Amino acid sequence: MTVMEQRGAYRPTPPPAWQPRTDPAPLLPDARPYRVLGTEAAAKADPELLRRLYAELVRGRRYNTQATALTKQGRLAVYPSSTGQEACQVAAALVLQERDWLFPSYRDTLAAVARGVDPVQALTLLRGDWHTGYDPYEHRVAPLCTPLATQLPHAVGLAHAARLKGDDVVALALVGDGGTSEGDFHEALNFAAVWQAPVVFLVQNNGFAISVPLAKQTAAPSLAHKAVGYGMPGRLVDGNDAAAVHEVLADAVAHAREGGGPTLVEAVTYRLDAHTNADDATRYRADAEVEAWRDHDPIVLLERELTDRGLLDQDGMRAAREDAEAMAADLRTRMNQDPALDPRELFANVYAEPTSQLMEQEAQLRAELDAEAAGPEGAGR
Amino acid sequence: MTTVALKPATMAQALTRALRDAMAADASVHVMGEDVGTLGGVFRVTDGLAKEFGDDRCTDTPLAEAGILGTAVGMAMYGLRPVVEMQFDAFAYPAFEQLVSHVARMRNRTRGAMPLPITVRVPYGGGIGGVEHHSDSSEAYYMATPGLHVVTPATVADAYGLLRAAIASDDPVVFLEPKRLYWSKDTWNPEEPEAVEPIGRAVVRRPGRSATLITYGPSLPVCLEAAEAARAEGWDLEVVDLRSLVPFDDATVTASVRRTGRAVVVHESNGFGGPGGEIAARVTERCFHYLEAPVLRVAGFDIPYPPPMLERHHLPGVDRILDAVGRLQWEAGS
Ligand SMILES: Cc1ncc(C[n+]2csc(CCOP(=O)(O)OP(=O)(O)O)c2C)c(N)n1
Numbered sequence: 001m002t003v004m005e006q007r008g009a010y011r012p013t014p015p016p017a018w019q020p021r022t023d024p025a026p027l028l029p030d031a032r033p034y035r036v037l038g039t040e041a042a043a044k045a046d047p048e049l050l051r052r053l054y055a056e057l058v059r060g061r062r063y064n065t066q067a068t069a070l071t072k073q074g075r076l077a078v079y080p081s082s083t084g085q086e087a088c089q090v091a092a093a094l095v096l097q098e099r100d101w102l103f104p105s106y107r108d109t110l111a112a113v114a115r116g117v118d119p120v121q122a123l124t125l126l127r128g129d130w131h132t133g134y135d136p137y138e139h140r141v142a143p144l145c146t147p148l149a150t151q152l153p154h155a156v157g158l159a160h161a162a163r164l165k166g167d168d169v170v171a172l173a174l175v176g177d178g179g180t181s182e183g184d185f186h187e188a189l190n191f192a193a194v195w196q197a198p199v200v201f202l203v204q205n206n207g208f209a210i211s212v213p214l215a216k217q218t219a220a221p222s223l224a225h226k227a228v229g230y231g232m233p234g235r236l237v238d239g240n241d242a243a244a245v246h247e248v249l250a251d252a253v254a255h256a257r258e259g260g261g262p263t264l265v266e267a268v269t270y271r272l273d274a275h276t277n278a279d280d281a282t283r284y285r286a287d288a289e290v291e292a293w294r295d296h297d298p299i300v301l302l303e304r305e306l307t308d309r310g311l312l313d314q315d316g317m318r319a320a321r322e323d324a325e326a327m328a329a330d331l332r333t334r335m336n337q338d339p340a341l342d343p344r345e346l347f348a349n350v351y352a353e354p355t356s357q358l359m360e361q362e363a364q365l366r367a368e369l370d371a372e373a374a375g376p377e378g379a380g381r
Numbered sequence: 001m002t003t004v005a006l007k008p009a010t011m012a013q014a015l016t017r018a019l020r021d022a023m024a025a026d027a028s029v030h031v032m033g034e035d036v037g038t039l040g041g042v043f044r045v046t047d048g049l050a051k052e053f054g055d056d057r058c059t060d061t062p063l064a065e066a067g068i069l070g071t072a073v074g075m076a077m078y079g080l081r082p083v084v085e086m087q088f089d090a091f092a093y094p095a096f097e098q099l100v101s102h103v104a105r106m107r108n109r110t111r112g113a114m115p116l117p118i119t120v121r122v123p124y125g126g127g128i129g130g131v132e133h134h135s136d137s138s139e140a141y142y143m144a145t146p147g148l149h150v151v152t153p154a155t156v157a158d159a160y161g162l163l164r165a166a167i168a169s170d171d172p173v174v175f176l177e178p179k180r181l182y183w184s185k186d187t188w189n190p191e192e193p194e195a196v197e198p199i200g201r202a203v204v205r206r207p208g209r210s211a212t213l214i215t216y217g218p219s220l221p222v223c224l225e226a227a228e229a230a231r232a233e234g235w236d237l238e239v240v241d242l243r244s245l246v247p248f249d250d251a252t253v254t255a256s257v258r259r260t261g262r263a264v265v266v267h268e269s270n271g272f273g274g275p276g277g278e279i280a281a282r283v284t285e286r287c288f289h290y291l292e293a294p295v296l297r298v299a300g301f302d303i304p305y306p307p308p309m310l311e312r313h314h315l316p317g318v319d320r321i322l323d324a325v326g327r328l329q330w331e332a333g334s
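Going down the list, the protein sequences come from chains H and V.
Residues in the first sequence are numbered from 1 upward in steps of one, following UniProt numbering.
Residues in the second sequence are numbered from 1 upward in steps of one, following UniProt numbering.
Here chain H stands alone, though its shape is the one from the complex (with noise of 0.2 Å):
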C-alpha cells in the first residue's frame, strides 16, 4: 500500500468525549473580601451575635497583652500574639456547635480560649510545663500544633470519621498563610474534596511568614483561589471584620454539615505585633505599613457598628473592659504561680503499658530525685 492509498484509507476519529467535571465558576473567590460591617449587609446581623462578637475581641486583645507581659517576665517561654486577628480567631470559636472540632496552629490560643478552653492550660505548650495542657475532648479542640498545617489532614478525618457514624460534626482547621504552602495543605484539601468531608479551612492571611510576605510564599491569584483546584468553594473575606468572618464561617459550616463538602476560607488580615515576642519586625517591614492596618483594627470596627447603631453605649464598653480585665489578672495570678511537675509523668504516657525499657528508666530518675531530695550529705558518696 502506497502512503497515499494510506492517507486515503484514513479516518480521524475524535478523541473519546471529554468536559471539565464540574463547572469552576461557582467555586471561585469573591472578587474582593467579603465584608459586613459599615455596609448594608450589617442591618441583617443578629446584634446579640455582634455583641458577643465585641466581648470577645476585646477579652482576645487583652488576653492577647497578658501573655506577651507574661513573656517579659520571663513566665512564658513564648508567644506568638494574635494581636490584629481576634476577628478571626473569635469567629472560628463562636461559629461552632459544641459537638464541632476545632483544630488550631500554634498561633490560635485564643481560638482555644474562646471555645472555652482554660487560659491557663491553652497556653502549657507555650510555658513549657507540658505539651497540651488540656484535655482536647472536653472542649473538642485538638492540640494546639506546631508543625505547620500538619493538623488539617487530622481535621479531615476527624470530620470524615464522623460522617462515616453518622454523626453531623464539622470539623474547622486553622492555617497561615504561610502554612498553605506545605505538602499536608494539599493532601488535606485534597483528600477532604475527594471524601466530601464536613471540613472548614479557615486560612488566615496575615501577610507574613515570619518575614516572608505573601508575594514570596505564592503565585496564586489568591488563596482562596486555591480551592478551585481541589473541586471546592474558596471564599475571601476580610479577616478584620468579625461579622463578615463569622457569617462566612458560618455559611460554610452549614453547606459542610448539611453533607455539601468543604469550604476554603481565607480571611485577609494582618499581624500587629511582631512573629513572636522573640522576632524583630522592624527588619522586614514598615512602620507606614503597620499604622495603616491599624487604621483598620477589628475591635475599632465593629466598635464604630455597634456604637453608631445604638447597640452599645459607654457602659457596656466598660463592661466588656472589666471583664477582659478580670480574666487577664486570674491568667496573671495563676501564671505567676510555678507549676507542680512530677518528673514521673515523663513515663506515663508514651505506651498504654510502660515498655521494661521504660520502666527501668524510671527506677533510674526515682532514684536521682531521691538522692537530689536527700541533699549532699544524704547522697552518701
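For the record, the hints were derived by calculation from the structure and aren't laboratory data.
Any given hint might turn out to be false.
[As the list claims (entries may be wrong)] Simulated restraints, written as ranges between beta carbons of each label pair: (1) H:Ala363 with V:Gly273: 26 to 36 Å; (2) V:Glu52 with H:Gly259: 24 to 34 Å; (3) V:Gly79 with H:Trp18: 38 to 48 Å.
Keep in mind it's a predicted model, so treat the numbers as computed, not measured.
The C-beta atom is built at its ideal place from N, Cα and C for all residues, glycine as well.
Based on these hints, arrange chain V with the ligand on the given structure of chain H.
Chain V with the ligand alone, transformed into the frame defined by chain H:
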C-alpha cells in the same frame, strides 16, 4: 496443641485473614491506603475486604502518604481504628512527619487523653528483585521514634497473631511485613487461627548451646538455614526471633546469650546506625561477664539499597553468617 488439620498457607493469606477477622470483630477497624480496595493491594493482602465490608471500611485513598496517615490520625481521634497500608517501604517516607510528629506522640502530649490506635502496615525489605525504592529496610528509623511499637513477623502464624495484636493495641504500631516472605508457606490452622503472644515477646525458634543468632523478619529463614549448616562444623546455634523490635524483649535475648556466651545479630538493613548496633550494645551491657567474644553483626552493606541484579551481594546470606560464627572463636589480640 490444636487437633484441627494444619494446612499450608502463605504469610500474605494469614495477613488477609487477620485483617478480615479484625474487621469482623470490631466495626471501628478501617483499612485504608493506595489500591487496597478494588485491587486488594499490590500484594493482595487486602483482597476481598472492600467487597465484604464496603469501601467505607476498606478505602482506596488519594495517592498521598502524608494524607493517608494524617487523615488516619483524625479518624483515630474520633474513635476509629485505622489500619493504613503504605504501598512500599520507601514510599512511606512522605508520611514520616505525620508518624513522628503526631502518631508517635499524641498520647504523650495529651497526657494519655488522646491515644491513637493506628496500625501502619509497611511491606519492607529486599530479595524480591524490586527496582529502586522497593526494597528498603526502614526499621531503624521507626525504632528511633519513642511512642511507636515496631513489629515484624517471620512466620505465617505470627503474621496472623501479631497483626491481630497490633490492631487491638491502643498504641500506634508500625507493622513491618517482610515482603520476601509474603509467599512463604507454613502449615497453619486457618480454621482456628490463634492469636500469638502480646507484642513485645521474642521467641527461641531453635534451641542451641554454642552461640545465639539474634534476628527477625526476612533474616529468620536465613539464620535457621545457617544454623543447620553450622552443625557440620560442630556449632549448635540457638536462633532467637525478636518479632518485636520495640518494645525489645531484653529478658529472652539476655537469657539466651547468657546460656550460649556468644551472639551474632543478623539483619538485612545497613549495619551503621542500624538495629544491630542497638541490640549488640544492649546484649553487651547485660551479658558482659558471660560473653566469650564480642557481639558481632551481620548486616547489609552501608549503601543505598542496590539494584536488583546486585542485591544478592548485599543481603546477608548463610555464608556470611557462618563466617561470623567462625569469628566467635575469639581470642584477645585476634
Ligand atoms: C513544618 C514547619 N516548618 C517550619 C516551622 C517554623 N515556623 C514557625 S511559624 C512559621 C511561619 C508560619 O507562617 P504562617 O503559616 O503564615 O502563620 P503565621 O505565623 O503568620 O500565623 C515558621 C516558618 C514550623 N513551625 N513548622
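Against the structure, the hints:
Between alanine 363 (chain H) and glycine 273 (chain V) the CB atoms are about 28 Å apart, so this pair conforms to the stated range of 26 to 36 Å. Range check, glutamate 52 (chain V) to glycine 259 (chain H): about 26 Å between beta-carbon atoms, so the 24 to 34 Å window is met. Between glycine 79 (chain V) and tryptophan 18 (chain H) the beta carbons are some 42 Å apart, a value that agrees with the proposed interval 38 to 48 Å.
The structure agrees with every numbered hint stated previously.
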